[in-house]
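Peer 1: One letter stands for each residue in the lines below.
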Amino acid sequence: MIKSTFLKAVAATALSVSTWASAHAVDLQFYFPVAVGGKAADTIQALTDEYVAANPDVKIDAVYAGSYQDTVAKAITASRGGNPPQLSVILSVDMFTLIDEDLIQPFDNYLTTDEDKAWVDGFYPAFMENSQTGGKTYGIPFQRSTPVLYWNKEAFKEAGLDPEIAPATWDEMVEFGNKLTKKDADGKVSQWGVRIPSSGFPYWLFQGLAIENGATLANAEGNKTNFDDPKVVEALQYLVDLSTKHEVMAPGIIEWGATPKAFFEGQTAMMWTSTGNLTNVRDNAPFDFGVAMLPSKETRGAPTGGGNFYLFKGASDEQNKAAVEFVQWITAPAQSAKWTIATGYVAPRAETWETETMKAYTADFAPALIARDQLEFAKAELSTYQNQRVTGIFNDALASVITGKKDATTALKEAQAQADGILSEYR
Amino acid sequence: MRVTFKRDWIHGWLLLLPAMVFLFAFTHIPAVTTFINSFYSTPRGRRPAKFIGLENYERLWDDPVFWKVMFNNLWFALGTIPLSIALSIAMALWVNDKLAGRSLVRMAYFTPTVLPLIAVANIWLFFYTPGFGLFDQVFGALFGWSSTNWLGDPATALNAVIVVTVWKEAGFFMIFYLAALQAIPVSLIEAARIEGASCWTIFWRITFPLLMPTTLFVSINAVINSFRLVDHIFILTDGGPDNASSLLLFYIYEVAFRFWETGYAATLTVALLLLLSALAIGQFFFFDRKVHYK
Numbered sequence: 001m002i003k004s005t006f007l008k009a010v011a012a013t014a015l016s017v018s019t020w021a022s023a024h025a026v027d028l029q030f031y032f033p034v035a036v037g038g039k040a041a042d043t044i045q046a047l048t049d050e051y052v053a054a055n056p057d058v059k060i061d062a063v064y065a066g067s068y069q070d071t072v073a074k075a076i077t078a079s080r081g082g083n084p085p086q087l088s089v090i091l092s093v094d095m096f097t098l099i100d101e102d103l104i105q106p107f108d109n110y111l112t113t114d115e116d117k118a119w120v121d122g123f124y125p126a127f128m129e130n131s132q133t134g135g136k137t138y139g140i141p142f143q144r145s146t147p148v149l150y151w152n153k154e155a156f157k158e159a160g161l162d163p164e165i166a167p168a169t170w171d172e173m174v175e176f177g178n179k180l181t182k183k184d185a186d187g188k189v190s191q192w193g194v195r196i197p198s199s200g201f202p203y204w205l206f207q208g209l210a211i212e213n214g215a216t217l218a219n220a221e222g223n224k225t226n227f228d229d230p231k232v233v234e235a236l237q238y239l240v241d242l243s244t245k246h247e248v249m250a251p252g253i254i255e256w257g258a259t260p261k262a263f264f265e266g267q268t269a270m271m272w273t274s275t276g277n278l279t280n281v282r283d284n285a286p287f288d289f290g291v292a293m294l295p296s297k298e299t300r301g302a303p304t305g306g307g308n309f310y311l312f313k314g315a316s317d318e319q320n321k322a323a324v325e326f327v328q329w330i331t332a333p334a335q336s337a338k339w340t341i342a343t344g345y346v347a348p349r350a351e352t353w354e355t356e357t358m359k360a361y362t363a364d365f366a367p368a369l370i371a372r373d374q375l376e377f378a379k380a381e382l383s384t385y386q387n388q389r390v391t392g393i394f395n396d397a398l399a400s401v402i403t404g405k406k407d408a409t410t411a412l413k414e415a416q417a418q419a420d421g422i423l424s425e426y427r
Numbered sequence: 428m429r430v431t432f433k434r435d436w437i438h439g440w441l442l443l444l445p446a447m448v449f450l451f452a453f454t455h456i457p458a459v460t461t462f463i464n465s466f467y468s469t470p471r472g473r474r475p476a477k478f479i480g481l482e483n484y485e486r487l488w489d490d491p492v493f494w495k496v497m498f499n500n501l502w503f504a505l506g507t508i509p510l511s512i513a514l515s516i517a518m519a520l521w522v523n524d525k526l527a528g529r530s531l532v533r534m535a536y537f538t539p540t541v542l543p544l545i546a547v548a549n550i551w552l553f554f555y556t557p558g559f560g561l562f563d564q565v566f567g568a569l570f571g572w573s574s575t576n577w578l579g580d581p582a583t584a585l586n587a588v589i590v591v592t593v594w595k596e597a598g599f600f601m602i603f604y605l606a607a608l609q610a611i612p613v614s615l616i617e618a619a620r621i622e623g624a625s626c627w628t629i630f631w632r633i634t635f636p637l638l639m640p641t642t643l644f645v646s647i648n649a650v651i652n653s654f655r656l657v658d659h660i661f662i663l664t665d666g667g668p669d670n671a672s673s674l675l676l677f678y679i680y681e682v683a684f685r686f687w688e689t690g691y692a693a694t695l696t697v698a699l700l701l702l703l704s705a706l707a708i709g710q711f712f713f714f715d716r717k718v719h720y721k
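If you read the protein sequences in the order shown, they are chains A and B.
For the first sequence, position 307 (counting from the first letter as 1) is numbered 307 according to this note's numbering, and the numbering increases by one without interruption.
Count along the second sequence from 1, add 427, and you get the number used in this note's numbering.
FYI, nobody ran anything at the bench for these hints, they're computed from the structure.
Hints are supplied without guarantee of correctness; some may be wrong.
Said to hold, decoys possible - Calculated pairs, DSBU-like style, for lysine-lysine (alpha carbon to alpha carbon, straight line, at most 35 Å):
1. K406/A with K136/A
2. K413/A with K525/B
3. K495/B with K245/A
Stated by the list, open to error - A few chain B positions that, by computed beta-carbon distances, are all more than 12 Å from chain A:
4. L552
5. P557
6. W577
7. V657
All residues carry an ideal CB built from backbone N, CA and C; glycine is no exception.
Next up, chain A with everything else stripped away, as it sits in the complex (with noise of 0.2 Å):
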């Protein structure tokens, strides 16, 4: 009686099951984290599910998966159990770790016709740098960055500036912070010039500095690392420099969460940080600000940052052609544009901008451009095979000069030496 019971059940459940599969013809689970505040999370899960209204046939399941770190290292672990996501969106800098896990494969394969490969083309040069290698698309474009430098106009104007103009050079960021700085007759600041954020992942905004200075801080490839370029030394020095002999930076490591707050609360007169945080700071200062490119030294550059899509390995052939139509679609001109309105990522595809929505938004909102503009100058991010190890030697190289305790050039030549160790295996 029990078992026969027992066994109805199961046969319910399973027919259930079953039925509800049938429903849905392609399932596809979608992994993407949130990096930045404001409405990032919401904007994904909005356009996800308009798309599966759009679309029955579909069933996306789209998983927040926290930082980009923990986002990469859930990938990895699901697909290393063996059930890993259709499509993700994981650092772009990450590509080459992706690719020696064997978990990813090209867009290639399914953007055969002409049309595919224009549509491939339309995307920024400077984000596709970190999404092909070897002549193949491993990335997607979407969650993209650079970062911008921040001014507060009140504070300019306070201090005799003209609070239109944001300093366009090296030299000028040191004069301008000079008078910024506001200390009393103790020494105390309570306003600085700058902050370049330096916690965690120091190596991002330095990196702008580097190539401010023309250089490059890792091959195309992704095996070989240039940390000891005497041009990177240089640019590290300048940025030492600014809080221990200009004194127009805090010393020591600085806070990249706190960094939004510390400007908006006008202890410091600007920052570097993520142009993913224009909305963020568009909201909450209280004060008129502008937003410019980073300062040049022999040429204007920054980084680009952020994530991009990725389609995973272990798939059937139906789920991946509905996952490239997927992320087809969340990058066309409309959808991308409610994105980038509503977190200030960079639209990574030019025909964006030129809607009429994005036309309103920056006649009413000039700063977004700045990013945009910006592009023209924006070189790859660091990124190498074993990438997270490597630049991870490379934050710390940079933060023991940050913190006194090494000089530039030994640090420097330190971490090339031990980039040189683990990517030689990979020449």
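We have chain A already, so just place chain B on it with the hints.
Peer 2: Chain B in isolation, oriented as in the chain A frame:
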């Protein structure tokens, strides 16, 4: 006779089975697998793991970061254990007395234990933030100190983390001491009072020795915790700057799940296991006979 024996035997093992399955599945098998993996290279998608003998152990020996995190962990243990135990005894003695609003104070002391460590770390992150953090505001207003970068300076980062840990742990240990204090017969202390012993003498000669079993229990927990708790490091410092506040388990996490060098991470885990077993065994054999008064 033989049949009953066999049946008891089966019953016994069946009762043990559920616990054993879990113990093996989640403790013993992973430990053994970890030990085996520590002799293999890290498998990557394109290259399977291969046997490399003691290479991982040699690397561990030559790894400056490993020695740094070991030293950090030692300092962390020395900083957190005695301090949190002393503080928890003091707090327990205080809330054991008949004072007004006693349960409120007990609750206040216990609150840090109830809060998730991540939330705690976020609160403290705000305290430590240079410029507008609580400490800077308070010290600036009281003593006119200039802004201090507690978490960003290698000299203070680990100590700042220690303070958070002590704050979090002391309340938890207090509960054990409170229970132990209430188990001490009042007659002993009354007798001492009649003899004219001072509060200080009563504490050192009666209360403290009778608390020794609790102290053993608490100290083993504290030692394990000092190697186990890393959640707050993720929020507060991320191990930085330049590994100044990284601890052994945090480093293992980093190597395993950020660098994906699972082979080397297994080796580090073996080191941690050996260290913890040595400490636990040492504590038991060394202290066990000295703590019980019967």
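Peer 1: Can you give the numbers of the hints that this structure goes against, from lowest to highest?
Peer 2: Of the numbered hints, 1, 2, 4, 5 and 6 do not hold.
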